[in-house]
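There are 2 protein chains.
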Amino acid sequence: MTLDPVLARIDADLPQATERLFELLRIPSISTDPAFKADCDRAADWLVADLKSIGFDASKRPTPGHPMVVGHSGGDAAHLLFYGHYDVQPVDPLELWDNDPFDPRIEETPKGKVIRGRGTADDKGQLMTFVEACRAWKAVHGTLPANISMFFEGEEESGSPSLTPFMEENRAELTADIALISDTSLFDENTPAIMTQLRGLLGEELTITGPSRDLHSGMYGGVAMNPARVLARIIAALHDDEGRITVPGFYEGVPELSNELAAAWDDLKFDHESFLGEVGLSEPAGEKGRRPLEMIWSRPTCEVNGIWSGYTGDGFKTVLPSKASAKISFRLVGTQNPHEIRKAFRKMVQDMLPADCSVSFKDHGASKASVMTTTHPAFAQARKALSDEWPNAAAFTGGGGSIPIAGHFKEILDMDTMLIGFGKDDDGLHSPNEKYDLSSFHKGIRSWARILHAMTS
Amino acid sequence: MTLDPVLARIDADLPQATERLFELLRIPSISTDPAFKADCDRAADWLVADLKSIGFDASKRPTPGHPMVVGHSGGDAAHLLFYGHYDVQPVDPLELWDNDPFDPRIEETPKGKVIRGRGTADDKGQLMTFVEACRAWKAVHGTLPANISMFFEGEEESGSPSLTPFMEENRAELTADIALISDTSLFDENTPAIMTQLRGLLGEELTITGPSRDLHSGMYGGVAMNPARVLARIIAALHDDEGRITVPGFYEGVPELSNELAAAWDDLKFDHESFLGEVGLSEPAGEKGRRPLEMIWSRPTCEVNGIWSGYTGDGFKTVLPSKASAKISFRLVGTQNPHEIRKAFRKMVQDMLPADCSVSFKDHGASKASVMTTTHPAFAQARKALSDEWPNAAAFTGGGGSIPIAGHFKEILDMDTMLIGFGKDDDGLHSPNEKYDLSSFHKGIRSWARILHAMTS
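Just so you know, the protein sequences line up as chains A and B, in that order. Position 360, counted from 1, in the first sequence is what UniProt numbering calls 360; the numbers after and before it change by one each time, with no gaps. Position 29, counted from 1, in the second sequence is what UniProt numbering calls 29; the numbers after and before it change by one each time, with no gaps.
Isolated chain A, as found in the complex (with noise of 0.2 Å):
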């Protein structure tokens, strides 16, 4: 089956792959808020239509959460299995939006056209890209050159409970030759990427507790223990003068960067200054005497995602607080144990806690690190195939988040996984006017289509 064609077709049908797009981006399927449960169930309903109208035997799959959604393209030529999330971040603070967060439109930046909206780049956009690519491959030829199955959660966005006890119980159905996933960025806007290692994550949630309730600041200021002061210190204990993390064991199961990825990732030339100055900053902020890419893709880091304690509201209320709140992540590489981790932590917080404080944890979810194996064929494949498409080569990258199911495919299905995305540094991700550019929407469609021609040629 010839490429150039389904090329064309991806061009010319791309007002009508953007109008789809916004159809799911409309939904606002937050998954982390009980409120928007109907919402998400509506997200799927409307991916397994779409699926449907590509000739996808597809279903929505009821979960203890929100719902899987599954298709198969069926036919006998290599079995590949495309995963995304129809799941999106909560909008707050809304205030900081320019537009409503779920009434995406097209707008036109110094940078050119970007899709702006809560999920354009964070997954839907990219989820989408192979969708339509699929969508093109069969409107040109009929068929599709592969035995494609998809396979979208809605739970990334809160911790996926359900998705490894989902693959357990459907393991022969999910498995395949190979997994695809699009969830991750371009190197730089004109150097695709497969990434190859990513960090994994452990999520904790504390609460202080001091005093049995709020009390004035006037009576007890002085004589009574204010657990925020307590928390500071927790927190202000984690890092130390260079930057590492004092967690007893911590560090064990760190690499050091080999030479040869060393010497790799300096040839990309990475613009830390630039990347840091989009957002505001100048200087790396992390362990001293690492390398900026190092810091971002290959060490453990350690971050408050959260803090909360006595009034927050206008004004002022002079209030000794009964309870100090945070949410704590460490973003974790190499073989780090997550549940020694977590067990270290807990351990070191309870031996910092002063007279008549007391301390309860919340368990907010642990992966690994993943690092793929580049050996299967289809990796070579698709660096060629985005290589025809984008004006540099590409590049195996490392990745600083945390996609735990490349770990789940290659644990529970025996899968190797390909990452492969079209995002942008600056498409604000998990922040108010997310966005995803229209050339990486566009573009993406048409490295799927090129990937496909090439893992089937």
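Keep in mind the hints are simulated off the structure, nothing from the lab. Note that beta-carbon positions come from the ideal geometry of N, C-alpha and C, so glycine has one too. Check each hint, because a few of them may be wrong.
What the hints assert, rightly or not - The following label-pair restraints were derived from C-beta to C-beta distances:
| # | chain 1 | residue 1 | chain 2 | residue 2 | range |
| --- | --- | --- | --- | --- | --- |
| 1 | A | 268 | B | 37 | 55 to 61 Å |
| 2 | B | 339 | A | 263 | 54 to 60 Å |
| 3 | A | 350 | B | 170 | 54 to 60 Å |
| 4 | B | 274 | A | 350 | 23 to 29 Å |
Claimed, not checked - Straight-line distance between alpha carbons at most 25 Å, and here's what the computed SDA-like set of lysine to any residue pairs gives:
| # | chain 1 | residue 1 | chain 2 | residue 2 |
| --- | --- | --- | --- | --- |
| 5 | A | 323 | B | 95 |
| 6 | B | 323 | A | 236 |
| 7 | B | 288 | B | 209 |
| 8 | A | 288 | A | 271 |
| 9 | B | 410 | B | 171 |
| 10 | B | 347 | B | 358 |
| 11 | A | 323 | A | 351 |
| 12 | B | 347 | A | 237 |
| 13 | A | 37 | B | 315 |
| 14 | A | 323 | A | 33 |
| 15 | A | 288 | B | 233 |
| 16 | B | 343 | A | 236 |
| 17 | A | 288 | B | 343 |
| 18 | A | 323 | B | 292 |
| 19 | B | 443 | B | 33 |
| 20 | A | 323 | B | 33 |
| 21 | A | 138 | A | 15 |
What the hints assert, rightly or not - Which chain A residues stay away from chain B? Per the calculated CB distances, all over 10 Å, these:
| # | residue |
| --- | --- |
| 22 | 98 |
| 23 | 142 |
| 24 | 147 |
| 25 | 249 |
| 26 | 343 |
| 27 | 412 |
| 28 | 442 |
Since chain A is already given, all that's left is putting chain B on it; use the hints.
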């Protein structure tokens, strides 16, 4: 004019007095929240009408914020000014209240009957003890024993922005021989107190900004500065290991306790174990080597009253926040200068900022500590009158809270102030389920009747 029939009238009228208080308590006059502006106005109207019913020439007086209420009985006797505040604290967290905070009720408890609701103890219930004492005098004798002026404000819980301008504009009208305030507590259930020293209060809010927008902690974690970490480090640094506050110059003007006062306070046999035990604590948490009562009454403090950053809702969001904020207050003693301390605090914060972080501050008011002159004869008269009403003799005590108006009365109107209140330590000021003992209300009214008698006979 004789006292006994007034006391008898007070006893007989208690149910009606309680119902009048309930009417005032039902008005949710939360001054810090603009949503309750009309309610603050309604509380002022209620007080004007009530004072008029006792024969006061009373009126609501506009300010740029919530109105003042001023009323005069007239007459040639000694001129007393009574001050109270009709505004109340916010009620969050609302879910911790057992009942609607603005639906007051009498509850039976193991310690006796209490009036439950927001503002019962702080300060509507206390304010009404004086009003009811006047009502009883008037009912029995047809007149009051003194020339009494009432002065109620509606901004005490939000820093009293209109107070000193109003006092300066109405200096002649408000100046009396002595000021009376009922916004303090008994020393213990058997021991009434005249508070002769109070801590000052300095309120600050700071917001630290790192990245220009919220970031994805996967993409930026490790390389971008997290302002919540910076804020935690600053808060942790505000106290040293001895519990002393580290703001440079902070202890200038902090006096050591005199031997005389130390001995008098030791005589009170303050039971810090039950004081702390009642709120789930066991160990005094302040400066090492200080007596607990000293920590509360005569040592300065620094407390976190609120802190917030990032995602604080249900579930987890791997955001690297752009901003982190805290509300911090300092309790001041002796001649500590709030303006110098504010400057030193801000400089200390600025000096601790790492690269790429900025800070903005909000000024939430400042007042110096108050130390009363107890040589005015009213102090001895009131002490005797209180000792007649209660089981134990009245004590001259210190107070950990801040009632800046006592300082303003001295500075602007050259009046001494007597602080006499009937609250208890477990009233839950500023907390959910605030209460005022029915006995505090009843014996408080009787105490004021006795004091008015002692000061004027």
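Distal placement of residue 412/A relative to chain B, Cβ over 10 Å: 22 Å, holds
Agreement of residue 323/A and residue 95/B with the hint, judged by alpha carbon distance not exceeding 25 Å: Distance ~14 Å between residue 323/A and residue 95/B Cα, so the pair holds.
Would you check whether the claim that residue 343/A is not at the interface survives, using Cβ distances to chain B and the 10 Å cut-off? About 19 Å separates residue 343/A from the closest Cβ of chain B, which puts it past 10 Å; holds.
For the pair supplied as a hint, residue 138/A and residue 15/A, is the alpha-carbon distance within the 25 Å limit? Distance of about 18 Å is within 25 Å: holds.
Take a quick look at whether residue 323/A and residue 33/B sit within 25 Å of each other, Cα to Cα. Roughly 23 Å separates the two Cα atoms, so the pair holds.
25 Å Cα cutoff - pair residue 343/B, residue 236/A: Given pair residue 343/B, residue 236/A holds - Cα atoms ~24 Å apart, limit 25 Å.
Could you tell me whether the CB distance from residue 268/A to residue 37/B stays inside 55 to 61 Å? Cβ of residue 268/A to Cβ of residue 37/B: about 58 Å, so the range 55 to 61 Å holds.
Proposed proximity, residue 343/B with residue 288/A (alpha carbon, max 25 Å): Given pair residue 288/A, residue 343/B is violated - Cα atoms ~32 Å apart, limit 25 Å.
Hey, is residue 249/A genuinely clear of chain B, shortest beta carbon separation above 10 Å? Non-interface label on residue 249/A holds, nearest chain B Cβ at 19 Å vs cutoff 10 Å.
Need the status of pair residue 288/A, residue 271/A: alpha-carbon distance at most 25 Å? 18 Å, holds
Do the alpha carbons of residue 323/A and residue 33/A lie within 25 Å of each other, as the hint requires? 23 Å, holds
Beyond 10 Å from every chain B Cβ - status for residue 147/A: At about 32 Å from chain B, residue 147/A clears the 10 Å cut-off, so the statement holds.
This entry does not satisfy hints 7, 17 and 19, going by the numbered hints stated previously.
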